[in-house]
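There are 2 protein chains.
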Amino acid sequence: MTYVARLKENIRARGALCVGIDPHPGLLERWGLPDDVTGVERFARGVVEALGETVAAFKPQSAFFEVWGAAGVKVLEDTIRDAQAAGALVIVDAKRGDIGSTMTAYARAYLGDGPLAGDAVTLSPYLGFGSLEPAFELAEAQGKGVYVLARTSNPEGHTVQLAAGPDGRSVVQAIVDAALARNAVTGLDAIGLVIGGTHATVGADLAGFAGPILVPGIGAQGGTIAGVRALFGDSAAPILPSASREVLAAGPDPAALRAKAGLIRGGRV
Amino acid sequence: MTYVARLKENIRARGALCVGIDPHPGLLERWGLPDDVTGVERFARGVVEALGETVAAFKPQSAFFEVWGAAGVKVLEDTIRDAQAAGALVIVDAKRGDIGSTMTAYARAYLGDGPLAGDAVTLSPYLGFGSLEPAFELAEAQGKGVYVLARTSNPEGHTVQLAAGPDGRSVVQAIVDAALARNAVTGLDAIGLVIGGTHATVGADLAGFAGPILVPGIGAQGGTIAGVRALFGDSAAPILPSASREVLAAGPDPAALRAKAGLIRGGRV
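Line by line, the protein sequences give chains A and B. Per our numbering, numbering of the first sequence is gapless, rising by one per residue and ending at 451. Per our numbering, numbering of the second sequence is gapless, rising by one per residue and ending at 451.
Same shape as in the complex, but just chain A (with noise of 0.2 Å):
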């Protein structure tokens, strides 16, 4: 089963909301919790018993963890693992991009069969987006999924993202398109986009675009699914909304994050 069939059905079952893991030392002292390793996994592990039954998708910050060294990597591979066992699927939140043998590597440690490995990860195409092929090729035969950044949320991006390349189109939408002209040949929609859910425009042209479009900003950074809405229209792909701060926020009580999250899924926040 393809990574997209399988975020499919996990949207019609349980709404189209990921929610982030972002232990960040602000959101480790609202809980009440330390600004250690010990406060990052019992953090991690509240927000997995709270929603992972309920949301579609989490998406762990990997940097969060990478602060504590090896200590904090074994706590985002067991919390990949207990959203999994839940039903959710785990998107890792990485941003990894390099060349060659690296960039394999890169795929084998998300994508492949390891600790780390969740059912998608995030990735950056500074080096083009042909660098990041390692990656798509491991994706598709793993049934996995890729979300290649296209247009982020933050104001700083445009600076790189809408930059003109030389046929004049601009770096996202380079970047859509060779992404719809990869999942054309394969069939199998294996290779996503992150684009921001705080801008009036996407800044591309999508139609025709069926791969799954991952939408951070929801909430805290001023996006809402109402504005996601008009932001993707009728677009064919599935579009996965993505909240952090704003449910996480609620925490550490169970029910008040699950009644966030449920507020935040309807468009009600």
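Check before you lean on any hint, since a few could be wrong.
Same chains, same names: a pair is fine if it fits in one copy or spans any two.
In silico SDA-like pairs for lysine to any residue, Cα to Cα no more than 25 Å straight-line [unchecked claim]: (1) 256 / 297; (2) 190 / 392; (3) 190 / 449; (4) 256 / 295; (5) 256 / 214.
Honestly, the hints are just simulated from the structure, not real lab data.
Fit chain B to the supplied structure of chain A, relying on the hints for placement.
Frame of chain A, contents of chain B only:
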């Protein structure tokens, strides 16, 4: 003491060469090691024991450690410590890039006091040069360095890096200019650049840039020390050519590794 001062001192004492630590399957096999975390550990230790007292810097490639999850990341921690203990600088080649509190976490992980912190880290600016600000601030505060990907050594990079921004400057030129401006304000030259050694021209005007420049692609990718000299001319920047496979394939014999590193450093291969 700033990172750039320590780098210049190491280059003066040991010559200008950085050696990558890239335990990929092909090299592990060549060294007679298993493709598992024990192989990675023995490989990394072998490189550091052979070259730690003679090369200016090491550039461990995070991907090859992440393949093995927390166990691999533990080996990366140990490799960083061992390399620094031998007097080499450590540039963690992680190509991280994100926004806000996530970028702050990556900065803390690789430039703070934690187990994965080296002397410098590579950063990827797809989300905009400005998004990397938390890393710039921490590097400056800690006497450490960052190398922002500008023009990478691979053939696919130009699709993003040579695209033209709103003011007509290329993405790479805008990054060079922003790094130069930042270093001029701080006087610390903590912001370095990655510029691949495989191109005939840099593709950007580096005049006045005095931060460190990491130049990968020497050896197996086709770059040479003579080419690096031609590429950067009489630049004021400390230039650090970096070779990986070309050196590593000479192992596991320590004398052979040292001999090959010496030949490359001297521009004789």
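For each hint, the structure was consulted:
1. In this homomeric assembly, residue 256 and residue 297 come within 25 Å of each other (Cα to Cα) both inside a single copy, at 9 Å, and across copies, at 14 Å.
2. Taking the shortest alpha-carbon separations for residue 190 and residue 392, only the intra-copy value of 12 Å comes in at or below 25 Å, while the best inter-copy value is 51 Å.
3. In this assembly of identical chains, the alpha carbons of residue 190 and residue 449 lie at most 25 Å apart only when taken from the same copy (19 Å versus 56 Å across copies).
4. Proximity of residue 256 and residue 295 under a CA criterion of 25 Å is satisfied in both settings, with 15 Å inside one chain copy and 19 Å between copies.
5. Taking identical chains as interchangeable, the C-alpha atoms of residue 256 and residue 214 lie at most 25 Å apart only when both belong to the same chain, with a minimum of 22 Å there against 28 Å between chains.
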